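Number of protein chains: 2
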Amino acid sequence: MQSIGIFDSGLGGLTVYKELKRLLPNEKFIYFGDTARVPYGSKSPDTIRKYAFEISYFLAQKKIKLMVVACNTASSVALNELKNAFRFPVIGVVQAAVETASSMEHISKIGVIGTKGTIKSKTYQNLLIEKLMNVSVFSKPCPIFVPIIEEGLIDSIIMKTTMDYYLKSFLNKKLDAIILGCTHYPIIEEQIFNFFNKKVKTINPGKAVAEEVKRILSKNAIENTENAGNIQDEFFLSDKQENFKKIAKNFLGFSISRVNIVKNSII
Amino acid sequence: MQSIGIFDSGLGGLTVYKELKRLLPNEKFIYFGDTARVPYGSKSPDTIRKYAFEISYFLAQKKIKLMVVACNTASSVALNELKNAFRFPVIGVVQAAVETASSMEHISKIGVIGTKGTIKSKTYQNLLIEKLMNVSVFSKPCPIFVPIIEEGLIDSIIMKTTMDYYLKSFLNKKLDAIILGCTHYPIIEEQIFNFFNKKVKTINPGKAVAEEVKRILSKNAIENTENAGNIQDEFFLSDKQENFKKIAKNFLGFSISRVNIVKNSII
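If you read the protein sequences in the order shown, they are chains X and V.
Start counting the first sequence at 1; every next residue gets the next number (our numbering).
Start counting the second sequence at 1; every next residue gets the next number (our numbering).
If you are wondering where the hints come from, they were derived from the structure by calculation, not from laboratory data.
Some hints here could point you the wrong way.
Stated by the list, open to error - Derived CB-CB ranges, DEER-like:
{"hint": "1", "chain 1": "X", "residue 1": "K131", "chain 2": "V", "residue 2": "N126", "range": "54 to 60 Å"}
{"hint": "2", "chain 1": "V", "residue 1": "D155", "chain 2": "X", "residue 2": "S257", "range": "42 to 48 Å"}
{"hint": "3", "chain 1": "X", "residue 1": "K168", "chain 2": "V", "residue 2": "T225", "range": "40 to 46 Å"}
{"hint": "4", "chain 1": "X", "residue 1": "K263", "chain 2": "V", "residue 2": "K219", "range": "36 to 42 Å"}
{"hint": "5", "chain 1": "X", "residue 1": "K198", "chain 2": "V", "residue 2": "E234", "range": "51 to 57 Å"}
{"hint": "6", "chain 1": "X", "residue 1": "N126", "chain 2": "V", "residue 2": "N126", "range": "48 to 54 Å"}
{"hint": "7", "chain 1": "V", "residue 1": "N194", "chain 2": "X", "residue 2": "E54", "range": "43 to 49 Å"}
{"hint": "8", "chain 1": "X", "residue 1": "R87", "chain 2": "V", "residue 2": "A60", "range": "57 to 63 Å"}
Stated by the list, open to error - Covered stretches of chain X (in silico footprint by chain V; criterion: 3 or more residues with CB under 8 Å from a CB of chain V, positions within the stretch not fixed):
{"hint": "9", "segment": "41–47"}
{"hint": "10", "segment": "79–89"}
{"hint": "11", "segment": "104–115"}
{"hint": "12", "segment": "245–254"}
Computed from a predicted structure; not experimentally measured.
We put the CB at the ideal spot given by N, CA and C, even for glycine.
Using the sequences and the hints given, assemble the complete structure.
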């Protein structure tokens, strides 16, 4: 049985894995988190492409049938190169989120939040304008959200003041939707939804990519239709991660029992 | 003329370079910032030691006469191994800060703030207890400080609420001093000093290491006594850094004109 590879800069991509697992319970997944070099959001496109290739090659050796780039930053700067290089389909969260946005009705003003690398690449902006035509895109890098989420302070006064700082300029824009363009942000989806008085739709790229993967598997007739039963997904990290189980549970809502550390040979 | 190497996980070590440059204006410095893999604070000791060795080897090839480990996390987990491996003296900010603390009078309660890696290693704590004997050490990892400083929000409400969150438990401890155990923290030295109503001495490991280096150069008779005049210090990074000049000016108070990007061969 061939697996679906998931590649992320770290553990944030577990929010994407969660959506894939939910929508495609019969599939086996192999997750790779580049915890030795996380985060990608502040690194240069060249360096991110190099890391993305190394990890994709690692997953290719596992004979995956499809790869999900769960990291928004890597999807923003490396997706076309990865698609051109590898034989299996490569699906990025950014591209999937734009597909979802373009399928929604009455979207003329859209906000995008993410890392500096994601926002600076303008990939969301360019794809949204290409797909939705008459749309205004308002982008904002929000680099302090991730460490606050990782500290578990999502309902704190620190998060409230930081959210106000980053998002208040969106308030008078009358947004129709906002894309949560970083794997960590679905963790604060409710807080963001409430910040906009429940009047702005939130788009979770993890959910979008799960739907896109389902479509591609079906179209290529490579889905696994039998019950996967006891098949165990595999988790690889490039560095040991303190409190991995706790973090995984925070991102997933369920525990992961075993994780493999990959040292050096490829990375 | 032989140089002094400075190694850091990124650009924060420029605050250490600033102190070295001020105290030792006749020396030439070679700075290496591992911007391709920054930050070290959340990575495992094994991985940090590997990175530290690669970069020290790069600096060794530049025939340096002494190396400063400007990164508190690397000093905490890799200093002894580096000292044992290389022929030139290796001086860490952590060890220098402890020397400074031990030379101060009336220090019986001391606070230490830093990254998760620095605090978890207990290196500050163990060295302080070893050197100062009757001392109580109170440690706290403060991982949100760095992104707030990097966002330039040092006088914001976000910084105020975050400082309150991290440091309020120190308020009833009647600290005599607090060690700013991360290269970014000297940028908020005044804010921390004010938080404690100017009643707690702040120890800047960058200043401490500059004094230690001066001592070692003199003791080994390897200082450069002639005016260095127009000698240009060299700056190497493992990844391009957006807004490098702006960040450098923020950390240093003066500009750096040229930076070299080191790709791949060693790193």
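> Against the structure shown, which of the earlier numbered hints fail to hold, in ascending order?
Replying inline: Of the numbered hints given earlier, those the structure breaks are 3, 8, 10, 11 and 12, listed in rising order.
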